[in-house]
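Enquirer: Chain by chain, the residues run as shown.
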Amino acid sequence: MTEEKILLDHGSGGKASHALFSDMILPLFENSELSKQDDGAILTVDGTRLAFSTDSYVVDPIFFPGGNIGDLAINGTINDISMCGAIPQFISVGLIIEEGLPIKDFQRILEAMATAAKKAGVKIVTGDTKVVPKGKADKIFINTSGIGIIPPDVNVSGSNAKPGDKIIVSGTIADHGITVLSSREGLKFDSDIKTDSAPLNKMVQSIIQSDCDIHVLRDPTRGGLGTTLNEIAAQSNVGITIEESFLPIRGPVQGICELLGFDPLYIANEGKVIAFVPQKDAQKVLEIIQQDEFGKDAVIIGEVIEKDPGKVFLQTVIGGVRIIDMLTGEQLPRIC
Amino acid sequence: MALKYIEEYRDGSLARDLVKKIHSVSKKDLRLMEVCGTHTMSIFRHGIRSVLPRGVTLLSGPGCPVCVTAQKDIDAFVEFARVKNVIVTTFGDLIRVPGSSSSLGKEKADGADVRIVYSVFDAVNIARENKDKEVVFCGVGFETTIPTIAASILMGIEGKVDNFSIYSANKLTPPALAALMETDGVEIDGFMLPGHVSVITGTDAYRDTFEKYNIPAVIAGFEPIDILQAILLLIQQNEAGRPALENAYPRAVSDAGNIKAKQIMHQIFEVCNASWRGIGEISSSGMALKKEYQKFDAAIKFGMDMPDTPEPKGCACGEILMGLKTPEECLLYKKKCTPMTPVGPCMVSSEGSCAAFYRYS
Chain A
1 MTEEKILLDH GSGGKASHAL FSDMILPLFE NSELSKQDDG AILTVDGTRL
51 AFSTDSYVVD PIFFPGGNIG DLAINGTIND ISMCGAIPQF ISVGLIIEEG
101 LPIKDFQRIL EAMATAAKKA GVKIVTGDTK VVPKGKADKI FINTSGIGII
151 PPDVNVSGSN AKPGDKIIVS GTIADHGITV LSSREGLKFD SDIKTDSAPL
201 NKMVQSIIQS DCDIHVLRDP TRGGLGTTLN EIAAQSNVGI TIEESFLPIR
251 GPVQGICELL GFDPLYIANE GKVIAFVPQK DAQKVLEIIQ QDEFGKDAVI
301 IGEVIEKDPG KVFLQTVIGG VRIIDMLTGE QLPRIC
Chain B
1001 MALKYIEEYR DGSLARDLVK KIHSVSKKDL RLMEVCGTHT MSIFRHGIRS
1051 VLPRGVTLLS GPGCPVCVTA QKDIDAFVEF ARVKNVIVTT FGDLIRVPGS
1101 SSSLGKEKAD GADVRIVYSV FDAVNIAREN KDKEVVFCGV GFETTIPTIA
1151 ASILMGIEGK VDNFSIYSAN KLTPPALAAL METDGVEIDG FMLPGHVSVI
1201 TGTDAYRDTF EKYNIPAVIA GFEPIDILQA ILLLIQQNEA GRPALENAYP
1251 RAVSDAGNIK AKQIMHQIFE VCNASWRGIG EISSSGMALK KEYQKFDAAI
1301 KFGMDMPDTP EPKGCACGEI LMGLKTPEEC LLYKKKCTPM TPVGPCMVSS
1351 EGSCAAFYRY S
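Each protein sequence line maps, in turn, to chains A and B. All the letters of the first sequence, read from the start, carry residue numbers 1 to 336 under the working numbering. All the letters of the second sequence, read from the start, carry residue numbers 1001 to 1361 under the working numbering.
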C-alpha cells in the first residue's frame, strides 16, 4: 500500500481492494480459512462443513428499479454462501441508520428483507440496530452475515478450475450496476432496466445435487465478470478465454455503457453465477441453470486453457484478441 | 433504446473481409497515428492491433484531453479544491490525475467538495442550488466539449448564476497536428482524424494542415468497422503514393461541421496559445473566455495563476503523445507508473494510451 489514506478506489472490488486485503488485512488476520479468499469461509464443526460469509451494503440510492438495499443485503449473503456450494440456513442483520430516515422508508426496506429471506427459505435469526446523528452515515447501511451447510461430496472453490472446463454465466451481465448508476441524481435514462438482485441458492442446489462435476461457482458482483474471472484465473493458476459474441448483455444496458464509456465486463451483478464445469457435464449444467427462474438466459461464454496462467483473454467480435485485466480504480466516464 | 447502429458496425464477417483487404494491400511498413482517446480505447477494446499486418503500427497521439492537460492546470484544479466554500465540478477522468503535490481525488478524501458531473450543465445547476458557495468547473476538452461549456456560460448569464465559473484548459485539435508535423524526429505516415471533434469542426478544418504537409488523413468513426475502414484507406493512400483528406465517417461528419456549435464557441471564447503536456506551448491551440465574459473565468475570479512546474522525472507522456516512444519504452511504465499509482495522466485517463496499453496488452 503506497497511499496514506483510504480512497474510494479501495472499495471498488478491483486491484486497490485486493491490495488493501493482501497488504493490510490478511497479514494481521492470517489463517488457513481466510487465506483461501473464497466468497465465504469453509469451517468444519463436528464433521459438518459450514460456509460462513459476511457482507455490508452501502448502495446509493437505497431504492432503485427492481429492488432496494434490503433485499440486496439478504440476496447478497445468500449468494455468497451458495457460491461455497452450501445451502444457506441462517442470516444475521446489522442496521446502521442515519437519524432522520423516514419510518416508511425503513418499513419498505425491512419488508423487502423479510420477503427476500422467505423466498430463499432462510431465517433471519439475530441482529443489531444502531442510529447515528444526521450526516454521520448516508440514510442506511446494512451488514448481513450468514451460515450454510455444505452437503457431503461437494467441493467447489475458486482454486478448482481446470484446463478444458467450460465457463457458464447464468444470464445477462451488468444489469445491477447500470440500474443503480442510472437511478442516481443527474443521470436520467428512459429505460426499463432493473436490478438482477436475486437469491441463487435454489439454482445452485439444483446444480450441486445433480450428478455433474462442478469445479467453481462464483457470483460476479462488485468488479464485474472481468474481475471475477481474473480472481479465478489467479486462484487456480490457469488461463481463461471467453468469446465477446457470446456475452449476454441487454440492449439498454449496452447502450448506457456505450454512452458513459463503461465496460460491461466490470459492472456489478447481484443475481448471476459463473460456473466452471468439465466439458463432459457442461451442457447438462447449462440446461439445469436454464430451467431455474433466474437462469433463463444462461450461456457458455468460454473455457479454461492451460497456457498463460493467471490471464484472461477476450476473443473479440472482429476476430481480434485482447486481455481482460482486473478492474483498476472505479470505472470512470469518458471525457470527450 | 435501439442499438442497431452498433451491431451493424461490429459485424464480424464484414470486419474479417476488411482485415483480409488490409492484408492484401499492405506492403510498406507504416506508422499511423490516431488523435482521439476514444479511438485509442476502441482499437484496444476490439483487439484491432492483433488483426493488422506486422508492418502497420498504430500510434496514440495527443487525443485524450486529460493527457494533454499541463501540470500547472492540474495544480490549479487542486488549488481550487482547497479554497473554502468552493465546489469543484469535473468530469470523472480528472479525479485521479496527480498534480505536483496532490490530486482532486486526494483533496476529496481530505474533505474538499469535489463532484463528478456528466455534463457542464449539471455544474450550473449545482451553482443554482448552492448560492452560498462558489462552483468552479474544470474545463478540459476539445472542440467536442467547448461548445457545451460555452452554452453553460450563456445559461449562467440567462439564469443570473453569479457563483459559477470555469477554468479553461480547453484545446483545439488542428494546431496540434501541425505542431506534431513540425517536431524533429516525428515520423507519421497518416492521421486517423477524430470523429467526434470532426462532427463539430467539419472536414474543412483540417484542409490547411493537409495542404501544407500533404499527409494521408482520414476522419474515422469509433466502431471497429469504421476504424478498419479508415486504416484501409490510409494504407491505400500510402501504397498508391496519393495522400488525401478523406471522410470515412460521413454519417456524422460534414465538410462545414456543426455551424451553430462553432458560433456559440466563438461567441464566448477566443483563440489563445496553450500549454500541452509534454509538448509545450502551441500557438493558437487554446480557447480563453473573451473579455466580456471574464466574470465567469475562475482563474481571474480567484486570481489563480499557478507556476509552471516540471513534469515528473522520467515520465515520457509527452514523447508517447508524439509517437516518439511507446508506453513500454517509458522507464516508469508498469514499474512506478500503474493505473493504481499513476505518475502521468496518460496512465490515469481511461482514454490515455498508457492506461490502454496497461489494461489491454
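Hints are computed from structural coordinates only; laboratory data are not their basis. Watch out, some of these pointers could steer you wrong.
To be verified - The list that follows gives simulated cross-link-like pairs (lysine-lysine, DSSO-like), each with its CA atoms no further than 30 Å apart:
| id | chain 1 | residue 1 | chain 2 | residue 2 |
| --- | --- | --- | --- | --- |
| 1 | A | K139 | B | K1334 |
| 2 | B | K1131 | A | K119 |
| 3 | B | K1108 | B | K1295 |
| 4 | A | K130 | B | K1108 |
| 5 | B | K1295 | A | K5 |
| 6 | B | K1133 | A | K5 |
To be verified - Have a look at the derived ranges for each label pair, beta carbon to beta carbon:
| id | chain 1 | residue 1 | chain 2 | residue 2 | range |
| --- | --- | --- | --- | --- | --- |
| 7 | B | G1159 | A | E111 | 20 to 30 Å |
| 8 | A | Q291 | B | G1012 | 22 to 32 Å |
| 9 | A | S32 | B | T1148 | 52 to 62 Å |
| 10 | B | G1111 | A | D46 | 48 to 58 Å |
| 11 | A | S56 | B | K1160 | 20 to 30 Å |
| 12 | B | K1313 | A | S245 | 41 to 51 Å |
| 13 | B | G1111 | A | D60 | 49 to 59 Å |
| 14 | A | E99 | B | I1157 | 16 to 26 Å |
| 15 | A | P65 | B | D1011 | 42 to 52 Å |
| 16 | A | K5 | B | R1242 | 51 to 61 Å |
| 17 | A | S56 | B | S1024 | 32 to 42 Å |
Claimed, not checked - Far from chain A, by Cβ distances over 12 Å, these chain B residues were calculated:
| id | residue |
| --- | --- |
| 18 | D1305 |
| 19 | P1339 |
| 20 | P1342 |
Virtual Cβ for every residue (Gly too), placed ideally from N, Cα, C.
Enquirer: State for each hint whether it applies.
Expert: Right, here's what the structure says about each hint:
Distance restraint check for K139/A and K1334/B: the Cα-Cα separation of roughly 40 Å exceeds the 30 Å cut-off, and the hinted pair is therefore not satisfied. A C-alpha spacing of about 48 Å is found between K1131/B and K119/A, which places the hinted pair above 30 Å, so the restraint is violated. Between the alpha carbons of K1108/B and K1295/B the distance comes to roughly 26 Å, so the proposed pair stays at or under 30 Å and holds. Our distance criterion of 30 Å between C-alpha atoms is met by K130/A and K1108/B, whose separation comes to about 27 Å.
As the CA atoms of K1295/B and K5/A are separated by approximately 37 Å, the hinted pair breaks the 30 Å bound. Using a Cα cut-off of 30 Å, the hinted pair K1133/B and K5/A holds, with the two alpha carbons roughly 27 Å apart. At about 42 Å, the CB distance of G1159/B to E111/A disagrees with the hint of 20 to 30 Å. Evaluation of the 22 to 32 Å hint for Q291/A and G1012/B yields a pass: the beta carbon distance comes to about 31 Å.
Between S32/A and T1148/B, the C-beta spacing of about 56 Å keeps the proposed range 52 to 62 Å intact. A C-beta distance of roughly 51 Å is found between G1111/B and D46/A, which places it inside the suggested range of 48 to 58 Å. Checking the proposed 20 to 30 Å range against S56/A and K1160/B shows it is violated: the Cβ atoms sit about 44 Å from each other. The hinted window of 41 to 51 Å between K1313/B and S245/A holds, with their beta carbons roughly 45 Å apart.
Hint check: G1111/B to D60/A, Cβ distance near 19 Å, so the stated range 49 to 59 Å is violated. Evaluation of the 16 to 26 Å hint for E99/A and I1157/B yields a failure: the beta carbon distance comes to about 41 Å. In this structure, P65/A and D1011/B break the distance hint of 42 to 52 Å, their C-beta atoms being roughly 32 Å apart. Taking 51 to 61 Å as the suggested C-beta distance range, the pair K5/A and R1242/B conforms, at roughly 58 Å.
Between S56/A and S1024/B the C-beta distance comes to about 57 Å, which lies outside the given range of 32 to 42 Å. Every Cβ of chain A is farther than 12 Å from the Cβ of D1305/B; the closest lies at roughly 24 Å, confirming the non-interface assignment. For P1339/B, the shortest C-beta to C-beta distance to chain A comes to about 4 Å, within the 12 Å cut-off, and the non-interface label is violated. Under the 12 Å C-beta cut-off, the non-interface status given to P1342/B relative to chain A is violated; the minimum distance is some 9 Å.
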